[in-house]
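Visitor: For the protein sequence lines, the chains are C and V, in the order given. Under numbering that gives the first Met the number 0, the final residue of the first sequence carries the number 283; numbering is consecutive throughout. Under numbering that gives the first Met the number 0, the final residue of the second sequence carries the number 767; numbering is consecutive throughout.
Derived from the structure by calculation, the hints contain no laboratory data. Warning: the hint list may mix true and false statements.
Cut-off 25 Å, straight-line C-alpha distance, at most; resulting in silico cross-link-like pairs (SDA-like, lysine to any residue) [claimed, not checked]:
| # | chain 1 | residue 1 | chain 2 | residue 2 |
| --- | --- | --- | --- | --- |
| 1 | V | LYS683 | C | ARG178 |
| 2 | C | LYS54 | C | ARG178 |
| 3 | V | LYS79 | V | ILE52 |
| 4 | V | LYS391 | V | HIS380 |
| 5 | V | LYS145 | V | ALA228 |
| 6 | C | LYS148 | C | THR137 |
| 7 | C | LYS148 | V | VAL678 |
| 8 | V | LYS683 | C | ASN35 |
| 9 | V | LYS21 | C | ASN35 |
| 10 | V | LYS683 | C | ILE97 |
| 11 | V | LYS145 | V | ASP87 |
| 12 | V | LYS21 | C | ALA258 |
| 13 | V | LYS683 | V | PHE559 |
| 14 | V | LYS53 | V | ALA120 |
| 15 | V | LYS79 | V | ASP133 |
| 16 | V | LYS683 | C | ALA257 |
| 17 | V | LYS683 | C | PRO95 |
| 18 | V | LYS21 | C | GLY141 |
What the simulated footprint calls covered on chain V by chain C, stretch by stretch (three residues with Cβ under 8 Å from a Cβ of chain C suffice, anywhere in the stretch; the number is not a length) [to be verified]:
| # | segment |
| --- | --- |
| 19 | 244–257 |
| 20 | 438–449 |
Partial list, computed: chain C residues near chain V (C-beta under 10 Å) [stated by the list, open to error]:
| # | residue |
| --- | --- |
| 21 | PHE36 |
| 22 | GLU37 |
| 23 | ARG39 |
| 24 | GLY168 |
| 25 | GLN171 |
| 26 | SER177 |
| 27 | SER187 |
| 28 | ASP252 |
| 29 | GLY255 |
| 30 | ARG273 |
Computed from a prediction, not measured in an experiment: that's the story for all the values here. C-beta atoms are modelled at their ideal positions from N, C-alpha and C, and glycine is treated no differently.
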Amino acid sequence: MEFLAPADWTEALEAKAAHPGAVPICGGTDVMVELNFELRRPPALLDLGRIRALKDWEVCDGHVRLGAAVTFARIISALADRLPALATAARTVGSPQIRNRATIGGNLGTASPAGDAHPVLLATGAVVEAESVRGVRTIPVGDFFTGVKRNALEPDELIRAVRIPETAGPQQFAKVGSRNAMVIAVCSFAVALDLERRTVGTGIGSAGPRPLTAPAAEDFLAGALDWDGLAVSEDAAERFGALVAAAASPIDDVRGTAAYRRRALAVMAVRTLRWMTEKEAVAV
Amino acid sequence: MTIQASAAGIGDSPTRPDGTPKVLGAFGYASDLTVPGMLHGATLRSPHPRALIKSIDVGPALAIPGVRAVLTAEDIPGTKYYGLIAQDCPVLALGEVRYHGEPVAIVAADDVAAARRAVAAIVVDYEVLTPVTDLRAALFDPDSPKVHAGGNVVRHQPVRRGRADDPDIRALADVVVTREYQVGMQDQAFLGPEAGLAVPAADGGVDLHVATQWLHADAEQIAPCLGLAPELVRMTLAGVGGAFGGREDLSMQIHAAMLALRTGLPVRMTYNRRESFFGHVHRHPAVMRYTHGARRDGTLVFVTAEILLDGGAYASTTEAVVGNAASLGVGPYEVEHLAIDAYGAYTNNPPCGAMRGFGAVQTCFAYESQMDALAAELGMHPLDIRARNAVKQGSVTPTGQVIDAPAPVAEMFAQLRAMPLPPDRAAGDLLPGGYGNTTHGEGVRRGVGYGVGIKNICYSEGFDDFSTARVTLSAADGEPAVTVHTAAAEVGQGLVTVQGQIARTELGVERVAVAQADTTVGSAGSSSASRQSYMTGGAVKAACEAVRERVFSLARERGFQVAEGSRLAGGKIVSASGEPLVDLALVLGADVVEETREYRHRPTGPLDRMTGQGSSHVQFAFAAHRAVVDVDVELGLVRVVRLDVVQDVGRIMNRQSLEGQIQGGTAQGLGLAVLEEIVVADGKVRNPSFTDYLIPTILDMPPMGMRILEYPDPAAPYGLRGAGEPPTLSSTPAIAAAVRDATGLALGRVPIRPEHIAVPAQNAARDG
Ligand SMILES: Cc1cc2nc3c(=O)[nH]c(=O)nc-3n(C[C@H](O)[C@H](O)[C@H](O)COP(=O)(O)OP(=O)(O)OC[C@H]3O[C@@H](n4cnc5c(N)ncnc54)[C@H](O)[C@@H]3O)c2cc1C
């Protein structure tokens with residue numbers, strides 16, 4: 000197996016163009032597991048670990064732009080105020096050791112339906128910056144997940160960054176796992192309110208072949224929510240929960256049953272909505 | 000001047016020699032063994048739970064560069080089968096596979112990658128058959144296919160006492176509770192996967208360095224399969240990364256030895272995590288149906304129980320597990336009228352055998368749940384109904400055995416009750432769901448539950464159970480030094496340390512070395528059944544006593560006065576009152592005193608085949624837990640808030656090791672209560688990885704309060720009582736009871752999964 004170690008981003012793009020079969024490796028917390036289990040035997044690894052630029056984040060044009068190699072540990076320590084739901088999701092990823100290495104770009108690269116960043120990226124309307132020697136392409140995250148562990152990258156493309164709109168209202172993330180830590184989501188849910196545009200964003204994890212949104216629930220809530228008082232009736236909250244559950248297409252597997260996932264999504268949707276609309280929660 | 004008892008003797012907690020290296024990552028485990036020129040072994044395993052093997056083509060594997068040998072059942076040099084009790088397990092599949100993961104062929108190659116590639120290149124033509132996976136059908140449906148020619152019943156052990164079936168007796172009960180319970184398949188989940196090194200020897204034999212629980216039983220099973228004389232299979236214990244029963248059965252031992260003998264080169268085999276889930280037996284899943292009748296005051300009138308245990312494809316220790324389930328199946332309670340039927344089955348599910356608690360865990364969940372159900376019916380406190388029926392010294396067990404040692408069960412309840420409950424939930428406490436942010440307090444209810452268990456210590460049912468110790472005393476540089484040599488397996492429980500403590504106490508010598516366990520000394524028996532402190536501890540004590548007698552004679556021969564009642568302490572012979580008489584070094588000179596002793600516990604008898612009557616156990620041990628849980632009743636998520644435990648150990652040999660055992664056993668019971676299960680569907684293992692086989696993390700394990708009682712057992716060395724297993728029994732039912740208390744659900748199955756709580760239709764419990 001060849002090991003390509005480009006020193007900068009340009010070299011990385013060139014290497015990827017020259018070796019489209021090379022598998023990028025960033026934190027390695029997914030790639031190394033796959034290699035150990037012999038799930039794949041790629042001709043080459045393309046190490047992104049030396050590329051400084053990928054590890055930075057910045058704020059520009061109403062977005063937080065996270066380099067692909069920003070770790071979950073960094074998101075927790077540096078971005079909890081700007082990206083509260085993403086930081087909540089980051090806290091649920093693996094263990095401290097994993098969070099020190101695991102990156103947002105790697106999470107997207109794997110594109111697992113259980114990737115914990117995904118529901119938040121969906122709910123907040125994030126955009127993936129993909130780049131190749133041919134140029135830069137922006138992919139709305141809703142178009143990025145194309146199937147079970149499949150994403151929209153072309154063989155010569157790498158993820159440069161992900162752009163997340165600056166918080167425009169309350170947002171929440173919740174993840175059910177059957178252990179108190181270090182657990183893959185049985186299902187997860189994210190919701191974000193945009194108080195200016197008066198829109199609702201949602202994201203559902205581990206309850207379908209890919210991360211999902213709940214458009215009917217979003218539309219319903221946008222109409223049912225009292226945006227000025229940021230309040231919602233009990234009935235409307237329950238209906239929102241039911242619509243979120245209906246948007247999922249879960250299966251029975253070792254982690255949980257389909258019926259449980261639907262039930263848990265409804266519960267999480269109602270609870271997270273309450274947290275966003277209760278007065279003290281808004282202040283957070 | 001009087002000489003004090005030696006420091007780091009029994010009752011102290013000296014630092015264990017393996018502790019620091021393990022924490023630093025420097026400890027040498029079996030998987031770290033290397034010798035120059037060694038080959039790497041790998042195993043081809045069956046993807047099917049039941050299939051006929053039409054043909055095996057090893058040609059493509061042999062063609063891979065670096066591959067030195069590819070062996071199948073045809074290449075087994077000697078006996079084709081092995082087993083701890085019945086020899087029914089083929090070394091490599093013989094014409095048929097009976098479980099998902101059964102070894103079919105083995106490979107040795109220059110490196111791991113080549114070995115694995117070769118495994119993938121072997122072509123096996125299977126005729127897939129419908130597996131036998133339903134436990135009840137396997138046992139009782141006459142039309143069920145037979146997993147082995149002799150039928151699917153490994154053992155049926157009835158226990159009968161009084162007249163449990165007599166309507167007049169049953170009429171004495173004011174309440175009768177019938178429920179069915181299920182226990183999922185738990186794994187030992189030891190962290191060091193199966194590994195070992197086989198080195199071919201010039202004499203045609205083989206030297207094996209393996210992580211195992213019982214060197215001599217391994218050697219006795221290995222030699223016939225290799226077609227070697229017993230003395231040609233020599234074994235040394237390699238670094239063991241946990242065992243919990245999972246290393247009682249052979250894994251890679253014969254395979255590595257076959258490859259080493261074939262190639263003439265050392266061969267190491269190391270399973271990876273996934274393979275480890277297929278490489279050892281698990282805890283028997285159980286289906287149990289219990290009926291308890293009690294008077295209004297809570298006194299038990301009668302108990303009937305049907306206990307079905309799934310032994311999977313091969314017998315392993317199922318026979319003995321059934322014996323425990325049957326004889327301990329009503330728990331630490333006095334019951335006049337009872338009828339128990341315990342069955343162990345063959346199926347095409349993964350083989351099950353020894354795991355911490357050994358047949359006493361499954362029934363403990365059932366009988367403790369029954370005691371709670373009775374308490375609820377009668378409006379009694381769970382501890383009151385337990386105390387009313389608790390066994391004590393002099394009680395008769397269901398098999399007619401008199402408990403002749405202290406059994407302070409009622410006192411344990413009183414102590415448990417006296418321990419403070421944790422405060423109510425406060426802001427900042429971790430909630431159910433942990434860091435998942437699933438609740439800010441909504442839906443969270445607290446529950447409290449209790450559990451107590453009874454476990455036999457040492458081997459039962461007439462087994463000739465013994466251990467051997469060799470103790471050597473000499474003087475070097477004017478200072479006495481002791482070496483203790485046994486074949487007892489240190490599996491992490493602290494056995495090496497306690498052997499040293501005993502030698503220091505008995506011989507009054509500071510410098511004690513414990514030699515590497517191997518088969519150049521006699522058998523120590525297994526590191527299981529909570530028996531090593533008792534058995535190997537007893538053997539070390541006996542050998543030390545023999546050494547001491549020799550030293551006294553030597554002293555007298557050399558003209559020193561050794562009064563009656565003299566002892567050894569502080570490197571000297573001292574009088575009964577502690578006055579120093581003479582330095583050991585002076586007595587010994589250049590002489591070496593060496594004594595080897597075998598230690599046997601008192602004999603036990605069999606269980607009658609029809610009535611189950613018999614004094615089959617050596618010693619009984621008890622632990623009781625109180626669990627406090629917070630449950631998110633809408634999401635079905637559980638956080639165990641507190642686990643308090645009371646255990647009687649007869650005598651504390653090493654408090655730190657003991658507390659570690661109690662904590663670890665409790666954690667394993669917590670795992671079974673709410674997390675740990677090997678999910679098997681149609682005979683196939685669905686979660687052979689720590690991604691989905693979830694063991695408790697530090698955030699799942701709550702703080703523990705602990706009270707340790709010391710009521711000595713006069714029959715045991717130092718009065719000690721085996722301690723490793725009992726806490727594993729009682730923490731599971733305590734937690735299940737606490738979850739029931741919080742949810743109001745019946746919850747007849749462990750592990751309790753979120754859907755059992757949150758989706759009532761998926762609640763696995765069934766009322767009778
Ligand atoms: C013990 C353990 C626990 C875990 N727990 C969780 C959890 O709770 N939640 C969760 O979501 N995940 C979890 N994971 C999975 C993993 O940690 C995450 O998916 C992580 O975000 C991957 O990041 P990485 O940098 O390590 O990715 P890598 O392993 O380096 O790469 C992952 C994938 O992304 C591709 N890739 C990486 N960078 C780029 C790039 N810049 N451009 C294009 N492709 C790229 C790689 O080729 C690969 O396909 C866990 C993993 C382990 C081992």
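Visitor: Looking at the structure, which of the earlier hints fail to hold?
Guide: 2, 5, 10, 12, 13, 15, 17, 18, 19, 23, 24
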